[in-house]
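Asks: Now for the letters of each chain:
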Amino acid sequence: SAVISQKPSRDICQRGTSLTIQCQVDSQVTMMFWYRQQPGQSLTLIATANQGSEATYESGFVIDKFPISRPNLTFSTLTVSNMSPEDSSIYLCSVEDSRDEQYFGPGTRLTVT
Amino acid sequence: GDSVTQMEGPVTLSEEAFLTINCTYTATGYPSLFWYVQYPGEGLQLLLKATKADDKGSNKGFEATYRKETTSFHLEKGSVQVSDSAVYFCALSDQGGYQKVTFGTGTKLQVIP
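Residue numbers (this note's numbering), protein chains in the order written: chain A, 1 to 113; chain B, 1001 to 1113.
Just chain A, same shape as in the assembly (with noise of 0.2 Å):
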């Protein structure tokens, strides 16, 4: 299983500004995903992305709101561009490994006020 750790834990952010959480696997991964998961309810694929590819967006997520980086096989950013209280959520990146299933961070809670 793949170990996977996010930055920040949580964070609390004004209306307008933008936060990038940072996550790392302790092992090469080709494919990462980033999740939502809104109060009380359940997670919402944002978005999947390769090492050396953009990111391939789900249906109303667009990457001038949520930029992706992915620049090697460990690591990923998410940022939240023009927060707004609706954006106060646990973000969560995963990894695939060979047996198909997929490993959690931690994720980062993100509350905007």
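To be clear, the hints were calculated from the coordinates, so they are not data collected in a lab.
Don't take each hint at face value.
Output of the computed footprint for chain B on chain A, the stretches with three or more beta carbons under 8 Å from beta carbons of chain B [as the list claims (entries may be wrong)]:
#1 30 to 43
#2 101 to 110
27 Å max Cα-Cα, derived DSS-like pairs, lysine-lysine [stated by the list, open to error]:
#3 B:Lys1100 - B:Lys1052
#4 B:Lys1056 - A:Lys65
#5 B:Lys1052 - B:Lys1068
#6 B:Lys1060 - B:Lys1108
#7 B:Lys1100 - A:Lys7
#8 B:Lys1056 - B:Lys1068
Ideal Cβ placement from N, Cα and C applies to all residues, glycine included.
With chain A's structure known, arrange chain B on it following the hints.
Replies: Using the frame of chain A, we list chain B on its own:
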């Protein structure tokens, strides 16, 4: 598109009671099915999975059987403990293309002594 429907919570049980959390799915093709668990204050963990019809996934006393005819993957445990209190998510992964995971809304389980 793919979807997962699971029973509304919260579910409150006494210790040693029998647990069933219902989950049904809609998918094209033959998805893999998963149960994830999120303990209070922690990240999402894979609890069990099944990859084809009639497979039974099991872990920590929990079981779920992949029923293609009823498109279901109900989670069961014969005797719950207080430490099982958590939110349980049913999910599926379409085996076509990359492994996007679609989650249900989650069911909160509270076990009281």
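Asks: Please go over all the hints and tell whether each is borne out by the structure.
Replies: Going through the hints against the structure:
Counting residues of the stretch 30 to 43 of chain A whose CB lies closer than 8 Å to any CB of chain B gives 5, so the stated coverage by that chain holds, three being the minimum. Counting residues of the stretch 101 to 110 of chain A whose C-beta sits closer than 8 Å to any C-beta of chain B gives 7, which meets the bar of three, so the coverage hint holds. Restraint check for Lys1100 (chain B) and Lys1052 (chain B): satisfied, since their Cα atoms lie roughly 17 Å apart, inside the 27 Å limit. The straight-line distance between the Cα atoms of Lys1056 (chain B) and Lys65 (chain A) is roughly 41 Å, outside the 27 Å bound, and the hint therefore fails.
Taking the CA atoms of Lys1052 (chain B) and Lys1068 (chain B), the gap is near 8 Å; set against the 27 Å cutoff, the hint holds. Taking the CA atoms of Lys1060 (chain B) and Lys1108 (chain B), the gap is about 18 Å. The hint holds against a cut of 27 Å. About 23 Å separates the Cα atoms of Lys1100 (chain B) and Lys7 (chain A), which keeps this hinted pair within 27 Å; it holds. Taking the CA atoms of Lys1056 (chain B) and Lys1068 (chain B), the gap is about 12 Å. The hint holds against a cut of 27 Å.
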